[in-house]
Every structure is written in C-alpha cells, then in structure tokens.
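Trainee: Sequence:
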Amino acid sequence: MNLLEYLVPFILALGVLIFFHELGHYLVARWCGVKVLRFSIGFGKPLVKWSAGRDRTEWVVAAFPLGGYVRMLDEREGDVAPEDRPRAFNTQSVWRRYAIVAAGPLANFLLAIVLYWGLFSTGTEELRPRLALTEATATVAARGGVQDGDLVVTVAGESVQSWNELRWALLRHALDGRTVDLRVRTIDNVDTFRQLNFSGVRIDDGRTDVIEQMGLRPWRPRVPAVVGEVMAGSAADRAGLQAGDRVAFLDGVPIDNWLRLVEYVRERPGQVIEAVIVRNGSEIRTEVVPDAVTDNGENIGRIGISVAEPTEAREAMFTIVSYGPVESLAKAAVKTWDTSVLTLKMIGRMFTGDVSWKNLSGPVTIADYAGQTAKLGWAHYLGFVALISISLGVLNLLPIPVLDGGHLLYYTIEIIKGGPVSERAMAIGQQVGLVALVMLMAFAFYNDIARLFSG
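Here the sequence shown stands for residues 1 to 455, numbered as in the UniProt record's numbering.
Hints listed in this document are in silico derivations from the structure and should not be mistaken for laboratory results.
Hints may contain errors.
Claimed, not checked - Here are the simulated DSBU-like cross-link-like pairs (lysine-lysine), alpha carbons at most 30 angstroms apart as the crow flies:
1) Lys35 / Lys49
2) Lys375 / Lys358
3) Lys358 / Lys345
4) Lys417 / Lys375
These figures come from a predicted structure and were not determined experimentally.
Based on the provided sequences and hints, a complete structural model is requested.
Mentor: Next up, the structure:
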C-alpha cells in the first residue's frame, strides 16, 4: 500500500474542513467588530505564518493538522488596551458570542450543502438500487422475502434512484427500529412489495457495512471472468496475465464468472494459486500469489486486475443521477439535514447500546476512506468530504465543554439565568469535557487499530 495515496487525500480534506470551520468563526467575529489576533490551521509549532489586514491578524499553518483555532482579543487571556476593550470577545453581548461560536459548525454544514449541490447538479454515475442477498440466512432481508435482482423503486413511499440513496434510507429506518415497505421491480420486471422489520435490530461490528448486516449487497450481473486491465507491478502482472485473458480454473476449480474469481482470490492472500487461463483459444498454466491487503480491517487477497465488462452489464448496474439547479440545492439541504440527524441518532444509540461503539471511527479509518474515495474519482471524494464536514459540524455542536457546543450551552444558560456561568463552573466543565474528549478519541483510535489487525 502506498501511504501517500491515503495520506495526501486525508490531509487535503482535513485542511479544507478545518479552514472552512475556522473561517466561519473568523468572518462572524469580524462582522461583530471583534479583533482577531490569530487564524491557525493546526496546532503546535507554526510551519508557515504571516500577518495581514488592518488588525495585522497572524495567519498560521502549524505542525499538527488535527484541528485549528481563531484567537480573538479577550480580557481573560491578557491585558487589553482601554481603546480596544469594545473589540474584545468577552465584552460582546451573549447573542454576538453565540453567533461567533455557532458560525464554525454552520460553515461546515454550508460547505456540505455546496458540495452536494455541485454533485447533484453535474450528475454522478452511481450503482442502481438493485439488491442481492448475502450468504447469511437469518437476516432482515432474507426474512423480508428479498430476492436477488430486486430493483428498489421506493422506501416507505420515498423514491430512491441510487444505491447510496437506498443505503441512507434503510439506515435511517433501521435506527428507528421500524418496519419498512420496499416497492421493488423484480428481475422478471414485476412490481411488488418487500417488508423489512428492523424491530430489535442492533447495528453491530464497525468492520462490516451496515447494509451487509441487514443481509444485502449491491446486485451484480454474471459477467465472464475476462481480464480487462492488468495493473503494472501487480500479482497478475508478475504471473504474466494480459488483457483479454479468460480465467478458466483456479486450483482446478471452474471459474464461470467474475464474482467467483474475486471471491476465490480474496480468500487466499499470500497463497500460491495454480491458474489456467484461455488466451486466443489456447490454455496457459501459470501461478499467481495474491497480494495481502487490508480492507475494512479484513486481510484479503488481491491480484490487480479489472473486469472486461460488457456494455449491457454496466448499464444494468449503473445509472446517472442528476437534478436541475433548484432541485439540486433543495436535495443538498435535505441530505445535509438528514445526515446530521442520522449522525446524532447513531451517537444516541451508542449510549443506549442499540449501536455498537465499534462503529466509531478515528483518523486512521477516515484516512483509509479518503484514499479509497480519491481512487474512485473526484465525485466520490467530494461526497466523502461533504460527509466528514457534516460529521465535524455535528461533533462540534455536542454540548461538551472545550467544543463549540459546550460554549453554546454556557451561553444558553446565561440567557436563561440572566448572567454568565461562574468561572469555577466553567473551569470544572472544561476539565470534564477534556477528559470526555480524550476518552472518545482514545476509543476511536482503539477501533482504528483493532480494524487494522483483525480479520
């Protein structure tokens, strides 16, 4: 695995998200007349810094990019000249302080809306919402009568056009523990209904996709095991495979379709496989050793080939999803709202035990997703950035002291009681909040490490 393929997209995404978050604080602070001393992306020793503007604000890029801050003039943090006192943060009305603090998370939500708006307007190629059952039998999908090849038309009356839309709709209903009706079109082009009962379902094990836990996966047509492209330097390249080769046997086992090939290789990382391929009508024998790679915490085999996919198979699997500019903006706002609510529900269900804490991800897993989506193209990567931007906004609004949400909680109390929270109460809150945040981060890191070494 090339570390840069994951690190660069991760740092780029993180830098953009932190910049927009802090820009929200900065712009509203300036609008309220507050003097901004420093705008920093990252913590620790400054790598780059310069001063600009009427107030000579110091702009900084620091060594540790896992966050940022906007430092404003404040009497609690140092001496303030009498003429500058009206521009200090602590002398502002509670409503202005509220607006300045809330602007950071709101900037993350606005960024997500803009990104989704652009994606929905330009159109993206996505998997159709066509279902296939996993091998497990005692699943929600199997009990609901789902059949391979079912194309989902609506979920609880709500139209879905892509696998991604289906995923989010099912996850939302699963978290609510509802029974949901799917209107589907079968592989024989017959319209009917399937019913999924999510009552009592627990979303478990963060290594496995939630939809897969329901017993579902994207449907794929039976495509011949013909090689479309061979990656340079891959296991297949070392074994001499070429574009156009048809894989006939692996270890004497007949390979009649591409999915069977993928499954066979996936289960044998680092093992010698005797392959029989057909090239220009002649059989050729060779040995291939799949490279061992980690996928969602699972150690799998991969030989570095892509399928020679027939046009009709691709059309059966994929569709172009696009909307007009106004409808795109509306859908972008709704998606941002729905994702925010879903994130809060997931957090709440973790505390009630309905959702496993293993679903909590840290920077390692996020970096992995960043790299994977970047490989799939700009549309997937920007969708990932939008999703993480929403998560960052929601996280910062949690009522935990040291986060924006903790400060907003203090200001809400101040509005209700007519006076600020005592310094002692704030100090205790900061300590409790810091401990809670460190524990949360430690648990996320633990999950990251567990995913890396399990499977």
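Trainee: It remains to establish, for every hint, whether it holds in the given structure.
Mentor: Hints, one by one, checked against the model:
With a C-alpha separation of about 18 angstroms, the suggested pair lysine 35 and lysine 49 falls inside the 30 angstroms cut-off, and the hint holds. Proposed proximity of lysine 375 and lysine 358 is supported: the alpha carbons are some 26 angstroms apart, at most 30 angstroms. Proposed proximity of lysine 358 and lysine 345 is supported: the alpha carbons are some 15 angstroms apart, at most 30 angstroms. Taking the CA atoms of lysine 417 and lysine 375, the gap is about 53 angstroms. The hint is violated against a cut of 30 angstroms.
Hint compliance for this structure: hint 4 alone is broken.
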